[in-house]
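K.L.:
Each chain, written out:
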Amino acid sequence: MSGVEGFMYPNEYGLQWSILIVLYPYITGLVAGAFILASLERVFHVEAVKPTYRLALLTALAFLIVAPLPLQLHLGHPERSPEMYFTPHSTSAMAMFGYVYLWYLMAVLVLEIWLDYRREIVLLSQSSKGLLRVIYRIMTLGSSNISERSLAIDNRAGWIVTVIGIPSAFILHGYVGFIFGSIKANPWWSSPLMPVVFIFSAMVSGIACVMVLYMAITKLRKQSIDMRCVDTVAMYLFYVFIIDFSLEMLDLIHRVYEADESFRSLNFLVHTQLYIPHIVIQIFLGTLTPIILLGITQVVHLPEVVRKRMYATAGCLTLIGIFAMRWNVVIGGQLFSKSFLGYTTYKIGLVSKEGLLVAVFLTILPLFILWALIKLLPPWPANTAQAPAAGD
Amino acid sequence: MNISRRQILILLPAAAVAWKSVLAGTPETASNYTMSDHWWGMLIDIPKCIGCGNCVRACAMENDVPDGHFRTWVERYHVSDEDMTNPEVISPDGGKEGFPVAEEDSKKYFFVPKMCNHCADSPCTQVCPVGATFVAPDGVVLVDPKYCLGCAYCVQACPYGCRYIHPVKEVADKCTLCYHRITKGLTTACCESCPTGARQLVDLKDPKDPIHEFLKTHPVQVLKPQMATGAKAFYNGLDGSVR
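One line per chain: the protein sequences are H and X, in this order. Quick note on our numbering: the first sequence kicks off at 112 and runs consecutively. Quick note on our numbering: the second sequence kicks off at 3 and runs consecutively.
Among the hints, a few may not be true.
To be verified - Stretch-level coverage of chain X by chain H, calculated; a stretch enters the list once three of its residues show a Cβ under 8 angstroms from a Cβ in chain H:
id	stretch
1	108-114
2	147-154
3	167-173
4	199-205
Claimed, not checked - Here's a subset of chain H near chain X, in silico, CB distances under 7 angstroms, partners left out:
id	residue
5	122
6	123
7	186
8	187
9	191
10	197
11	254
12	452
13	456
I should point out that these hints are in silico values taken from the structure, not numbers from a laboratory. Cβ coordinates follow ideal geometry from the N, Cα and C atoms, glycine included.
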């Protein structure tokens, strides 16, 4: 059998979960992380990150809309997926997906965005014309009351939704980690740390994503970047990254020191097929390099232009590193036999249902959705330049 | 009767869930077969297996198993006394056409037939998001192909590599212990075709089944006992090197 080394059980030659299942935790991680960043301003009153607040919410929504698509494309019978709502299996971690997703989409994200934008939606429904007017009128949900008292209630309700949203974001992504971490048949996945690692890596990727998007969009809008905001976001990214990296290293050290029956197999993989994606891309390029870059900005006072470049580089490398982490979990966990006596290889198709082109399309689709959302619900006041923060 | 909009919103999903449960039904059985009277398993007598592949061929034919996938297969172990933890194992095409002639050396050779262990606490049924795979009251782990989403979570959860996604039906597939046969008083295709009696269908609820005497008098083990799956494929003479 080509691509197989040693002994695999005969049903193990092909991988069951493809690059689309890599995308799923990657996308939900971006959603959860972006929302946590938004909550910094709303709940924890970190005023400096306010310029990213609405962008973070819209980014979370854009990615959340796309999140179920890779799963649907992967299913043998996607038409039966509503069964997860009608007859969820109470012992299955995966059965909760539909409910967690709907809860997060409708009860948290859409509701918070609606409450936060309600005043603008009402004003736009009155000032815009044609189809846009119809869209905005539908979005008002029949409520055009934007009195002081009404907006104060919106604000209070939005705060409550965000408070509920923080544990919901943890559940959304922590449960994805649990899906993998609870599989006792697979030693690469089976770990109680998996949900925690997933939550922190989600925060890392979501914060990095919003930081990069904010800098890129502000540049495209020919506005000046609020350095106080980006410095604060980068600081949070740095500290969360340290926790995330520590947890991952704890897991790694534990595996190496314990060296159970699966260790020889996993060790071989990490030094062969997973060397590039795990050691080079995930750990060195995608984790240590951005941590060092962000760390330097925390201890050395650098000029604004240097900080911007360092943040942009660190943000992009972080996004690559977290994608590599998802890849190593999902694909890496299927490359060895459960007999621990052999290895297989992952052959990705180009134009197949679960191929590379579909994966690339699903990765950039949220950016188009985000563009449409920004057009519909502008996160910043129109045509108002933001003055550079004092001292920057 | 006055039903408010609020009550309708509560009642409709409840009715939908109830209706789906009614539609789910139960597995097809013979009219005189009572599931609760049985608790099926399999005895695999390793010293008796000659690696002929009859069982693999019979299973594939009986159950229309697609090429390249296996409801049962046979592995040949080649173990040196110096490194028991790293045996050489082969299973060419699942052992369907037998095995190449072994080299004569000082190491030991033996065959190990594998199949679904029909675990009482099966991790595969635990993880199915819609309950399309389940442990029947007679202990057989089955898949409802009309209900399975084809998500492959059960394939990932099986520690023994016994499941696969059917390439045509796009649902999870596995050994049914020839359910269509055993519920009619027959034995499984693999047991019937085994020339040495290395495989025996056993009913742990039948006090007259010879399995009870066999379990008392032989060193019997299950695969990967550390997984605590309640496996019901009992192996006689299982070597410590078997994975």
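K.L.:
None of the hints should be skipped; say for each whether it holds.
P.N.:
Going through the hints against the structure:
no.	hint	in the structure
1	108-114	violated (count 0)
2	147-154	holds (count 6)
3	167-173	holds (count 4)
4	199-205	violated (count 0)
5	122	holds, 4 angstroms
6	123	holds, 5 angstroms
7	186	holds, 5 angstroms
8	187	holds, 2 angstroms
9	191	holds, 5 angstroms
10	197	holds, 5 angstroms
11	254	violated, 19 angstroms
12	452	holds, 6 angstroms
13	456	violated, 16 angstroms
Taken one by one, the earlier hints fail for this structure at numbers 1, 4, 11 and 13, listed in ascending order.
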